[in-house]
Amino acid sequence: MLSDEVLYMSVRELGSQIKARKIRPVQLTESYLARLEKFGPKLGAVATLTSKHALQLAKQAEKEIDAGNYRGPLHGIPFGAKDLLATKGIKTTWGAPPFRDQVFDYDATVIHKLAEAGAILVAKLAMIELAGGGGYSNASASLQGPSRCPFNTDHWAGGSSSGPGAAVPSALVPFAIGSETLGSIITPAAFSGVSGLRPTYGRVSRHGAMALSWTMDKLGPMCRTAGDCGLVLDAIAGFDPLDETSVRTPYISRPARHAAPGHAPLEGKHIGVIRPDFKADGDPEVEMAFNVALETLRGLGAKLEETELPDYPYSAIAVTLYSAEAASIFRPFIQGEKLHQLVDESQKIGLVAALSIPATDYLDSFRLRSQIQTDLAKMFERFDVLVAPSRLRPAPRVDADFNASSAKTATDKPGDKPAEKSGDKSGDKAAAKPTTNPSRDSERHSIIAASNIAGLPAISVPCGFTKENLPVGIQFVAAALADDTCIGFAHNFQKVTDWHQRRPSGF
Amino acid sequence: MKRLTRREFHSLAAVGAIAGAAATTPLAQVPAHTGVAPQSQVAEPKPPTKLLLTPEQEKKVHEKIAEREQDIANLRSRVLPYDLEPAFVFRVRAAARRPRVKG
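Protein sequence lines correspond, in order, to chains A and W. If you're matching positions, the first sequence starts at 1 in our numbering and goes up one per residue. If you're matching positions, the second sequence starts at 508 in our numbering and goes up one per residue.
These are calculated hints, taken from the structure and not from any lab test. Incorrect hints may appear among the rest.
[To be verified] Straight line, CA to CA, 35 angstroms or less: simulated DSBU-like cross-link-like pairs of lysine-lysine:
hint, chain 1, residue 1, chain 2, residue 2
1, A, 338, A, 303
2, A, 467, A, 303
3, A, 91, W, 567
4, A, 91, A, 19
5, A, 22, A, 113
6, A, 279, W, 567
7, A, 467, A, 279
8, A, 91, A, 59
9, W, 567, A, 338
10, A, 22, A, 42
11, A, 378, A, 495
12, W, 566, A, 338
All figures in this text were calculated on a predicted structure; none of them were measured in a lab.
Turn these sequences into a full structure, and let the hints guide you.
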């Protein structure tokens, strides 16, 4: 078996070692499979191991590389996929008991593209059932049980891409594919110390991914570095005739540019800072880490300016959009007996209630979406990126009831105003109780909801740890199709910080 | 299932239109054969009728819908410009080409 030193390498490092034939794909695959078997159950990270399939592909990769047919930086690299991606002949459970035996006879486009790049699927990873489409009240809302943060296993890995959240920072896989409708990559990236990229809507084909919301679902890489996110995006981005919403604009991954001698890497760059009201909504340790991160960015030469989002009811719009679409997608399921096999009661209630969303509310949300797209685009005439804390609080405990105040972390004060209004369908509840009528002030900081409504790219990278050893994340949001801008800022941030290199003890 | 006459259809559609945005029971959920009009906007929000819910679950669904009504108040209070179109695009699709049948 390969050493932990090797298995914690970035995808880029592993790729160059494979290319140089210093690491062999079969040995690498066997080593990750061994870790998945050993630590997967402890972290609640795995839905299905694909050992036999993986070893076949690894042998094939090895032969190809030996024959001089090296396909590129993902050739021979193992990966995991959130269990909502269709995989031919391998179970795809959508994290939900009613679908525990579901098997598709085709691969999702993203799986197909990664196979073409020579990457090796070693595991389908755990997720919150149905990606939390109805809302959920606890970390156990999954066929696979709760996924745990590797840095502090008493706490949740975040959702709904919970398996990738647990598996990537503990080096059970070098990278994973997650999905986001409203916070499901950014949240586990923040809670588990992952570098997670939510690409521009349409950048990555949704074909073969469980549909929760046709107009808001995105697939993206979850890795240990921002640079790796770019590498993986390179392989999975692109137009797909099987997904008419996929964009034709090509994705061009630009290797991180080095600053000219005597110039700071982010010199001349403008960053808009979305600073939430931490006293009302957040955690002081998160605030402290965020402030230090801002100083780091300033030290890299960027010009920082505090700003606010345009005034819209982002949370209500986002929830209306995805709930109405989820109700339409799952109507036969919701109206059938299998609904009652779901783990979480909140899911059942939320899905049923979504059936009665008026069409006018749905359409009005879409009309406001037009205005939001225009107004946010104007912000990017002033700023290269917007930054905000990825979550206002660290991960809650795995046994927390997200609907109760007990979901708050130990650092929360009793009587704190509930919920961070980022609009995450799960994370809001994970951080505290769901709210009614978020205040206008808090809506002006709802960056997760706003950017998901507008389909903008974002990346979350670790920017600190709390005293309880819980990761804290900072997110960079860029204009539509400027995925590489997000990655570039995060990459520069990671060049001068080492939060992303921390390893969880015991793994 | 009984087919609706044109008159019955217009009767149902007219009531639905008057009920407007606040009507919480979609037209499609009203059993067609009864000829009963949809719930008016003043009626209590009602979950869909075909569901297999316990009384406790039905109560929670009512609560959830009421909660959403509160959440969405700000959205509904917006006055949208008449010419503001939704941000989705419908595209026509060319019919799939079929191979010519020989002979």
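Contradicted hints - numbers only | Checked against the structure, the only hint that fails is number 1, while the rest are satisfied.
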